[in-house]
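Last residue of the sequence shown? That's 305 in the working numbering, and every number before it is there in order.
Every clue listed holds true.
Straight-line C-alpha distance at most 25 Å; calculated DSS-like pairs for lysine-lysine:
| hint | residue 1 | residue 2 |
| --- | --- | --- |
| 1 | K259 | K271 |
| 2 | K180 | K216 |
| 3 | K290 | K259 |
| 4 | K302 | K290 |
| 5 | K302 | K271 |
| 6 | K148 | K190 |
| 7 | K216 | K148 |
| 8 | K216 | K154 |
| 9 | K190 | K180 |
| 10 | K180 | K271 |
| 11 | K154 | K190 |
| 12 | K180 | K148 |
| 13 | K190 | K216 |
| 14 | K271 | K290 |
| 15 | K302 | K216 |
| 16 | K144 | K180 |
Just so you know, these hints were derived from the structure itself, not from any lab.
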Amino acid sequence: MDYHELMTRIATFPLVARGLAEELVSGNYRAVFRGQGIEFDEVRHYEPGDDIRSIDWNVSARFGTPYVKMYREEREMNVCMILDTSASMHSPGDKFSEGRIVNRYEQAVLAVALIAFSAEVAGQRLSMVLFDKEISKIIPPRKGPSHTMAVISQAFEARPAERGSGLGKAIIGASRLLKRRSLIIIISDFLCINWEQEMLELSRKHDVIALRISGPLDSEIPDGALLILEDPETAVRYTVSSAFPSFKNSWASWHGERTKLWEAICRRSGAAFLDLSTKDDAINSLMQFFKGHQ
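Go ahead and model the full structure; you've got the sequences and the hints to work with.
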């Protein structure tokens, strides 16, 4: 997918963002998008029937008559995306029957744009942490159309500076950035190690969604093809033939076990999770995902 096609697709997202924002608000993440805390608003004279625990004793003593504290619902929250920009996310895309080619990172950018526009519609602050081997950029929480476009632009333009994927470091960075409970969406292929404990600790303080970007070749490879496989993180190449059933079975088994492990880690940490393939329609997949969490 070239730059023009990607930007053309993203340009239509504000039209569907309201629907996705409504799904986010109406589901289990309602507390995050509508706010789940309360903040002090004002004091007023005590009236019969008021809870005595709400009496402001300092103000009451100053004026010689009882006053109670009034609170209002805190509606502004933060939506934070942790975006994997590592080399494995930029590996060549998969070609579908209609000729469209999408790689993992392009699908991730589409997801970023959808979530960013939805957060804007919901009136929430948006932040993002980008990482490869290290954290490459941190965008602090803000809101507004210009900030939304800045977040999407940063995601689109990001490229790996170093080989490797430091998801654990990115999670720690996001945790330090966010001072109160937030909705954190991790967008990655999760082809990395040493992030499980960080994920568990993050989920104790925040609502976390793990959005794994995968490709069709992760589960099945073409029959009878001579393949050149390259590890994008190490540049090591292997030439293999999918004509051998043993190779195809081993390939499918390894990816299947990796998927089961990822799901188990998410469940153990209490994070919601979604596998978004490059062949999936990002809009429909995210809408169905949040509908399922109502």
